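Take the given structure of chain A and dock chain B to it, following the hints.
If you read the sequences in order, they're chains A and B.
Our numbering puts the first residue of the first sequence at 87, with every later residue one more than the last.
Our numbering puts the first residue of the second sequence at 87, with every later residue one more than the last.
Keep in mind that the hints are not guaranteed to be accurate.
The list makes no distinction among identical chains, and a pair is therefore deemed to hold if it is satisfied within one copy or across any two copies.
In the BS3-like style, the derived pairs of lysine-lysine whose C-alpha atoms are separated by at most 27 Å in a straight line are [what the hints assert, rightly or not]:
no., residue 1, residue 2
1, K355, K148
2, K226, K296
3, K209, K301
4, K101, K148
5, K148, K320
6, K301, K287
7, K101, K355
8, K320, K296
9, K101, K209
10, K355, K301
11, K326, K287
12, K296, K209
13, K287, K209
14, K320, K301
Keep in mind that the hints were calculated from the coordinates and are not lab data.
Just so you know, these numbers come straight off a predicted model, no measurement behind them.
2 protein chains.
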Amino acid sequence: MDETSSSLVFGGHQKFFTHASEVLGCDMNFAVFLPPAAQNLECPVLYWLSGLTCTEQNFVTKAGAQRYAAEQGLIIVVPDTSPRGSQVPDIDDPYLGCGASFYINATQPPWSDYYLMHEYLVKELTGLVEGSFPVAKDRKGAMRGISGHSMGGHAAIMIALRNPGRYRSLSAFAPISSPSNSPWGEAAYLHYLGEDRESWKSWDASFLVKDATEKLPILIDQGEEDPFLLDQLKPTVFQKACATVDHPLRLRIHEGYDHSYFFVASFIKEHIEYHAAALAG
Amino acid sequence: MDETSSSLVFGGHQKFFTHASEVLGCDMNFAVFLPPAAQNLECPVLYWLSGLTCTEQNFVTKAGAQRYAAEQGLIIVVPDTSPRGSQVPDIDDPYLGCGASFYINATQPPWSDYYLMHEYLVKELTGLVEGSFPVAKDRKGAMRGISGHSMGGHAAIMIALRNPGRYRSLSAFAPISSPSNSPWGEAAYLHYLGEDRESWKSWDASFLVKDATEKLPILIDQGEEDPFLLDQLKPTVFQKACATVDHPLRLRIHEGYDHSYFFVASFIKEHIEYHAAALAG
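Isolated chain A, as found in the complex (with noise of 0.2 Å):
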């Protein structure tokens, strides 16, 4: 992997990477933010995954994250949010194809030639980013946390729940909370995974959260002026599946904040510090 840029913020540095990855057959950016305490420490990391038609420049330059991530000790990692490149298929459709891969394993053609970011996250990224930086582990392996904003406020949901032990913490922000419950997620699941909806439950985090084995808890914040509130995101879709299942949900709902970074930036302190209480050990 190569070092694209480095800054240094809030004491800590800022770096974005690039490199070739062997599951989605593209180059791939990603972002590390190293907090002070890393230079001596092995500290828990935050993977961080972006909305719609975000890059992994997003959450770091309108989030404020790195403030509360060097306060607290924490790496944050931020991947794309799909494959890019000439090669990979995509539409004209900024919520479909490119910056839109809902962090899936697609199974349909052209897609599942390269749209593998459930594949490419859960094992090439964390084995590079957890192979090169000083991530803390225990005996139960890395402390990793997972939160994200709208899409990939629910990849982080729908990521966790399908990798039971494998994070100890885990938040969103604004999630879709069911992807085949919101028009954004069913264009883009009907075109990744086909017409047969009953594949798309095992990556739509409000039936996955039916079967957990794993009772993690879950933070949500939203907006209340948020405008895809009631068509998209419908957070009581997932509010009652939790409840089914007495799964352990906080869901705030912040009145008059909207699906922007400015409100994400709002409320990052109190995730960031959410996470690292949760990672302490």
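For chain B alone, coordinates are given in the frame of chain A:
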């Protein structure tokens, strides 16, 4: 003026506006942050001037200033960095023309028809903002501070020095300390002001400070790893000019920091608190 967006952030409102500028002869965008206190009280105002290639967006999305401005009860106004539009002269160079006004009044055609950013800021935008938002005033006028980054850091100092009594607090991040001694500045001033370098001095902080009638203290933060430090920014030129007339300057050099908004974000808290303290009355 038309409000184009409004988002809640840290309990305050980040708004964007567009208006038809009479001075510039084009439509102009600007951003206003209103802290929670502005709902009930008049608050002091900080004008922020961004650097080359920026718009009114960069500072607002990248600096993370809203948290501190919300805490301190400070309004922040961010104009665009130049006139814009199909009728506005431009040139195929990111450091000249659109995005690179240097916030001066151009005297040379074709620039002089549109590039009158000093007049726009001091007369038109200030009047518009301070007539529309609850800006605190005392018998000496509005409680105004000014700051900026790079080209805008120089402009903050230059505008404050040209207009004694107009601003009560002044700071800058990585300013171009003397455009007459900077390749970026020389190219721009040659186009905007012509070949007579004497005429440049009234738009150059390192000359203006020598004749300053008001000893307004200046806080400057500069990253030591800034790639433009030695060729373009040259903080010692301004430092020496201040020393010759005993102008109060606090120049802080920060080991390891570069020219990016990661640097600005790391120290904006201290600047917001500096301005808020000076503007407290």
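Between copies, within a copy, both or neither: which fits K296 and K209 at Cα up to 27 Å? within (25 Å within a copy, 62 Å between copies)
When no copy is specified for K287 and K209, does a C-alpha distance of 27 Å or less occur within a copy, between copies, both, or neither? Within one copy only: 22 Å inside, 60 Å across.
Between copies, within a copy, both or neither: which fits K209 and K301 at Cα up to 27 Å? within (23 Å within a copy, 61 Å between copies)
Since the copies are identical, ignore which copy is meant and state whether K320 and K301 lie within 27 Å (CA to CA) inside a copy, between copies, both or neither. within (22 Å within a copy, 58 Å between copies)
Measure nothing new, just compare the shortest in-copy and cross-copy C-alpha distances for K355 and K301 to 27 Å and report within, between, both or neither. Within one copy, since 24 Å is at most 27 Å while 39 Å is not.
Give the relationship of K301 and K287 under a CA distance limit of 27 Å: within one copy only, between copies only, both, or neither. within (19 Å within a copy, 68 Å between copies)
Within a copy, between copies, both or neither: which one fits K320 and K296 at a CA-CA cutoff of 27 Å? For K320 and K296, only the intra-copy Cα distance (17 Å) is at most 27 Å; the inter-copy one is 62 Å.
Classify it for me, K101 with K148: is the Cα-Cα distance of at most 27 Å met within a copy, between copies, both or neither? Answer is both; intra-copy 15 Å and inter-copy 16 Å each pass.
Status of K209 relative to K101 across identical chains (alpha carbons, at most 27 Å): within (21 Å within a copy, 42 Å between copies)
Taking 27 Å as the upper bound on the Cα-Cα distance, should K226 and K296 be classified as within, between, both, or neither? within (25 Å within a copy, 66 Å between copies)
Up to 27 Å CA-CA - K355 versus K101, copy category: both (20 Å within a copy, 23 Å between copies)
Within, between, both or neither: how does the pair K326, K287 come out at a Cα-Cα threshold of 27 Å? Only inside one copy: K326 and K287 sit 16 Å apart there, 68 Å across copies, limit 27 Å.
Checked against the numbered hints above, the structure violates none of them.
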